[in-house]
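Chemist: Here's the letter readout for the chains.
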Amino acid sequence: MIRTRRGKFGTCVIRDSAHVASSVPDELVHVDVLDCSVPQYNNRLDTPLPDVPFVRNLGADQKKLKEKEKGAWTSLSKEEKLALYRLSFELTYPEMKRGSGEWKTVLGGIFFFLGFTGLLVWWQRFSVFGDVPHTLSPEWVEQQTQRMLDMRVNPVHGFSTKWDYEKKQWK
Amino acid sequence: MTKKRLVMFRAAVRLSVSGVRSLTRSRPQYAAPLAARCYSHGKQETDEEFDARWVSYFSKPDIDAWELRKGMNTLIGYDLVPEPKILEAALRACRRLNDLGSAIRILEAVKDKAGPHKEIYPYLIQELRPTLNELGISTPEELGIDKA
Numbered sequence: 001m002i003r004t005r006r007g008k009f010g011t012c013v014i015r016d017s018a019h020v021a022s023s024v025p026d027e028l029v030h031v032d033v034l035d036c037s038v039p040q041y042n043n044r045l046d047t048p049l050p051d052v053p054f055v056r057n058l059g060a061d062q063k064k065l066k067e068k069e070k071g072a073w074t075s076l077s078k079e080e081k082l083a084l085y086r087l088s089f090e091l092t093y094p095e096m097k098r099g100s101g102e103w104k105t106v107l108g109g110i111f112f113f114l115g116f117t118g119l120l121v122w123w124q125r126f127s128v129f130g131d132v133p134h135t136l137s138p139e140w141v142e143q144q145t146q147r148m149l150d151m152r153v154n155p156v157h158g159f160s161t162k163w164d165y166e167k168k169q170w171k
Numbered sequence: 001m002t003k004k005r006l007v008m009f010r011a012a013v014r015l016s017v018s019g020v021r022s023l024t025r026s027r028p029q030y031a032a033p034l035a036a037r038c039y040s041h042g043k044q045e046t047d048e049e050f051d052a053r054w055v056s057y058f059s060k061p062d063i064d065a066w067e068l069r070k071g072m073n074t075l076i077g078y079d080l081v082p083e084p085k086i087l088e089a090a091l092r093a094c095r096r097l098n099d100l101g102s103a104i105r106i107l108e109a110v111k112d113k114a115g116p117h118k119e120i121y122p123y124l125i126q127e128l129r130p131t132l133n134e135l136g137i138s139t140p141e142e143l144g145i146d147k148a
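Heads up: the protein sequence lines correspond to chains A and B, in order. To convert, note that position 139 of the first sequence is 139 in this note's numbering; the numbers rise steadily by one, no gaps. To convert, note that position 59 of the second sequence is 59 in this note's numbering; the numbers rise steadily by one, no gaps.
Think of the hints as simulated: they come from the structure by calculation, not from any bench. A hint or two may mislead.
[Unchecked claim] DSSO-like cross-link-like pairs, simulated, lysine-lysine; straight-line CA separation at most 30 angstroms:
hint	chain 1	residue 1	chain 2	residue 2
1	B	70	A	97
2	A	78	A	66
3	A	64	B	60
4	A	78	A	68
5	B	70	A	63
Excised from the complex, chain B in its bound form (with noise of 0.2 angstroms):
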């Protein structure tokens, strides 16, 4: 299998100080990387740690509209690309906040997160389309502002 370059979805990892961090999991036919920072000292979280917490974090049932733009303008400056689960547990809590414009604009920051890696995005989409159905969450593309 060709390994196509910077595919996996883990591509985007510098080893940054804070660490290197899970992205999207791969599709199996990608090769993925461990994780290979080495701390001195203290536990290393995992990939699946680290959405388990970012789920939590948003599936709170009583998030507050702060918590959320927190929390996504905090994931956003990650160097990394969320993960579905996580991406639906914050359309989710925009949901509840009763906020469809942050929705429509989360979609738009993981697009712009992947940066050159342009098949992230269709799949991310693909994953979460039962959500954005079911919410009637549009995405960027269905309502023409994807094009500047």
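Chain A extracted, bound-state conformation (with noise of 0.2 angstroms):
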């Protein structure tokens, strides 16, 4: 499995190699080595042309491929071009600045999180805290009203002047 980091620039291929002292970067070997001491594989928009060629042990088609590489390029079908290519660098460019998907798991999990504490919350309202204060209730508050009403509160730009004291109703 070829790890990647993702990087600033691209992904920066992290190559396992099973023979450390071979040291030679082979992406069909795996294990949890990263041979640091070798130059590496990288992608990176800054550095187009890494030190090394992404596939180092070439089986025998891909020899053949890089004999005919050393003639007449117009030779070559777009195929062949292509295998090049892929011979050499792993992800073309705007395969590197290709973004990931990432960002609808973050958004779809804060959403889910949110819900859930809506839940939380709902759940809490009936479950959780007792009877709200009687003082609350529509007969008190109309009492309390009309009191706050005959009191004249706040009569010059607040509560009082939005009543109509001559015909008795709200503004």
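Reconstruct the complex from the two isolated chains, following the hints.
Modeler: In structure tokens, the structure reads:
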């Protein structure tokens, strides 16, 4: 498994090598050891030509292709040219710059936990809290409001200015 | 002539510590600002000298793979898009080294260097077209790798 670390300019491929002694990056062998003492391949926008090609150990077909590369490139087909490119490089520039869908996961997670919190709050309201004080009952509030009007609460700009004392109704 | 915002190839120039370098030569209708960096001492390299230096670097007949990589990675590190003649020398160096993959990679890299200035890359390809045809280098678009 090729582990990748997302860096600022692209993905750095962590090449695992089974043979620490041979120290040759081999994308087909997977182990946990990253040999930092040898040049490594990396996908970086600011380093178009990395120190080593992506594929070091060529198969027979690939070797043949490399031989053909020594001749005129006009005789190569598009697929062969693409294969040569892919031998040297893992990701193309657009692939390096491609975004991930991670933001959807993040946003989804945010909404999920917001919703979960909402459920908790709602459950809390009817299962944990006791009754509301009697001073909030409609009858009390009605009498309270009448008293406030009688007292002329905030008569200049506030509460009592909203009540029409002649018509005995809200303005 | 309406001056399009940032169409000049030197538009990516910022006053960096390394000084202002030339980009691809602007087309006649776009005004080219002069490099305005003032050094306290030392002669400032002109755009032509910069270009010539890089062309001769890549034109070394026995250039080796390391020098090609080092040259390209350094060139891409500069705050400019290289002139077509520099790129032509680099592509020919790839040919001498029998490295088609790197040639295509160079084209991808300069397209990326142009950033939001989408008109630079087609211009470069237009200027490089004779070389591309002669050497048989396909552009990333022709190979279909210009889309992720």
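Chemist: Is the Cα-Cα distance between residue 64 of chain A and residue 60 of chain B 30 angstroms or less?
Modeler: Satisfied, since the Cα-Cα distance of roughly 28 angstroms is no more than 30 angstroms.
Chemist: Please verify whether residue 70 of chain B and residue 63 of chain A have alpha carbons no more than 30 angstroms apart.
Modeler: 25 angstroms, holds
Chemist: Going straight from one Cα to the other, do residue 70 of chain B and residue 97 of chain A come out at no more than 30 angstroms?
Modeler: 23 angstroms, holds
Chemist: Quick one, are residue 78 of chain A and residue 68 of chain A close enough, alpha carbons at most 30 angstroms?
Modeler: 13 angstroms, holds
Chemist: Sort out whether residue 66 of chain A lies within 30 angstroms of residue 78 of chain A, counting only the CA atoms.
Modeler: The given pair, whose Cα atoms are some 15 angstroms apart, holds under the 30 angstroms limit.
Violation of the numbered hints given earlier is absent; every hint is satisfied by the structure.
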